[in-house]
Amino acid sequence: MNPALAVDARGVTKTFGSVRAVDDISVQVAAGEVYGVLGPNGAGKTTFLRMLFGLIRPDSGTIRVFGRTWDEAGVEVLDGVAGFIESPRFYPYLTGRANLAGLTLLDGGTPPGLLEEVLDVVEMSDRADQLVGGYSYGMRQRLGVAASLLREPRLLVLDEPANGLDPAGIRDMRALVKRLAGRGLTVLLSSHDMEEVEEICDNVTIMTRGTVAFHGSIAELRTRAPDPGHALATTDDDRALALGAEHPRISVTRDPEGALAVTGPPAAVSSYVGALVRADVGLLAFTPAHTPLEALFFMLTDDPTHQSLHRPDRVRVAAR
Amino acid sequence: MTAVQTSADARAVEPAPAPRRRPSALAALRWEVRKLRAQRRAKAVLLVALVAPAVIVVVIHGQSRPPKDTLFGRFATENGFALSLLVLGFASQWVLPLLTSIVAGDLFASEDQHGTWKTVLTRSTSRSRLFWAKTATAVGFAALVLLVLAASTIVSSLLAVGHQPLTGLTGQTVPAADALRLVAVAWATMLPPTLAFTGVAILLSVWSRNPAVGIAAPVVLGMVMQLVGALGGVEALRPLLVTTSFESWHGLFTQPVFTGPLLDGLLVSAAWCGFTLATAFVLLRRRDITGG
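Those protein sequences? They're chains U and A, same order as listed.
Reading the first sequence from the start, the letters are residues 1 to 320 in my numbering.
Reading the second sequence from the start, the letters are residues 1 to 292 in my numbering.
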């Protein structure tokens, strides 16, 4: 198999003033795959996507989309490309339908019936004649997807498509992205939510502070994931910490707020909980903290608010 | 370099998709006009341009003493042509810069305000084409507003006061038919400096990304120019001011007629338009769209 590249970015750097938003990154997205760009806020994901769309010029490096660069092809580089950056924006004094109809003008027109079809795909047909100014955030997100589909893209770029949506909206948006991916579209999805990327994507780039921290398949990412973590509350936390020190395959730590965290293989954690019970330490709470992939994400992106739970090397020191 | 080791290095490049149907040169213009027609602000400006002159004409005509200290003011209550020229003089002070800036100063900055640059610039229309479409829309609207304002003023003046022969600036009598033609030409000479202010509003709109600046600053600039033009010792500077071009029609109502200021005004306005639009174009072309 020799899948072709939809996006081929190499050595891309962008600096704003003294801030290096994107630092010499390279990302390749094969045609037909669902690709995630993952990272915390400020990691450089959106800057990268803006450069892909030509909204921002990179200081150095090249971004090829279906083999063409902005310098070579100008706006034609966006042939076959659609999507939105951050939350999609429209003209509030126009209806949803008028917004889409206007955008088709800028696209050189669309086949008859496509506008109605995409409205139907995003389930907005019955709201399309209302002013966008009265739309909810989720409706604007769906209208953004509709505006993208009007271009009949082969590469769909979605930046945080579930951002700001309620749980039902998130579920619907993910289902929509899956449906679109099922049609054979290449999807480049940016997110700060590991669960979302894990659910939807085949391959992923994890960015932090403008650089690439990981690049590979979700399956490969899973093999690197640390043990799952749990939050623990007991009637005698000091005793629980002491018992944790007697179980070498797990780590038990106390965070600055005094809460306990347990990390380790499930069997070892189970054994530790049994030891707590036998030692007559009452369990007040024992809840999963993060999935292993989330934990890995926090490790890779060096999120200080989560690292104590998921950096076993540091945790062990802290437990003693 | 943040090396990403991937088998993709060895991959072929997916061939570029078949070209989309290219938007015509007028597509972006149609889109801009469609947006403008949907905005209450534009409709309100046109309504004001249509109604306000009639109100002003009626008010002035109803006064017992004419405003003698203004150009053509002495005859404004007894001659429709003089009254329409009085309104013209007033409009050129700040009304025309304001009316054109309300749209031109908002056209670009409102894309920042609504965060829609990223919406339109991720389609198949280039920045250049969008820029010229917006500029053409602003220019067209400025011309339309001027036309409505002029027509409303002239018609209401003639209906309210009458179309008697006009006494010119050198005391000569201008027959009614000639006076109507000259008044129409005088209003038409407002177009170049009005478009110069349109250019200023576009530049400020692109530069500031703030509709309030794009709308208000050209009016303030116009007032500053009038102040500078009224100062002594700036004779060399005065012809370069856009506001001087607003006065170039005076020579049409003298005996003999002198048209030199009209040509000067045209050239100065063209220079202002060229500078402001070229600067705005470069700013927009080079700008990183980071907001929205």
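Do not rely on the hints blindly, as some may be mistaken.
[Stated by the list, open to error] Residues of chain A clear of chain U, computed beta-carbon distances all greater than 10 angstroms:
id	residue
1	HIS61
2	PHE90
3	TRP94
4	VAL120
5	LEU283
[Claimed, not checked] Interface residues of chain A toward chain U, partial, derived using beta-carbon atoms under 10 angstroms:
id	residue
6	ARG34
7	ARG65
8	LYS68
9	ARG74
10	SER124
11	SER126
12	ASP288
None of these hints come from the bench; they were simulated from the model.
In this text the structure is predicted, and so the values were computed from the model without any measurement.
Quick reminder that beta carbons are idealized off the backbone N, C-alpha and C, glycines included.
Verification of the supplied hints:
Listed as a non-interface residue, HIS61 (chain A) keeps its Cβ farther than 10 angstroms from every Cβ of chain U; the least gap is roughly 38 angstroms. Distance check for PHE90 (chain A) against chain U: the nearest CB is about 32 angstroms away, which clears 10 angstroms, and the non-interface claim stands. Its beta-carbon lying about 27 angstroms from the closest one in chain U, TRP94 (chain A) satisfies the requirement of being farther than 10 angstroms from that chain. Listed as a non-interface residue, VAL120 (chain A) fails to keep its Cβ farther than 10 angstroms from every Cβ of chain U; the least gap is roughly 6 angstroms.
Here LEU283 (chain A) stays apart from chain U, with its beta-carbon at least about 14 angstroms from theirs, past the 10 angstroms limit. Satisfaction of the interface hint for ARG34 (chain A) is found here, the shortest Cβ-Cβ separation to chain U being roughly 6 angstroms, below the 10 angstroms cut-off. Hint on ARG65 (chain A) is violated. Least Cβ distance to chain U is approximately 46 angstroms, over the 10 angstroms limit. The beta carbon of LYS68 (chain A) comes no nearer than 46 angstroms to any beta carbon in chain U, farther than 10 angstroms, and the hint placing it at the interface is violated.
A least Cβ separation of about 47 angstroms between ARG74 (chain A) and chain U goes past the 10 angstroms threshold, and the interface hint is therefore violated. For SER124 (chain A), the interface hint holds, since its Cβ comes within 10 angstroms of a Cβ in chain U; the closest pair sits about 5 angstroms apart. The interface hint given for SER126 (chain A) holds, since its Cβ lies 4 angstroms from the closest Cβ of chain U, which is under the 10 angstroms cut-off. Hint status for ASP288 (chain A) relative to chain U: holds, with the closest Cβ pair at about 4 angstroms, below 10 angstroms.
Of the hints listed earlier, those the structure fails to meet are numbers 4, 7, 8 and 9, in rising order.
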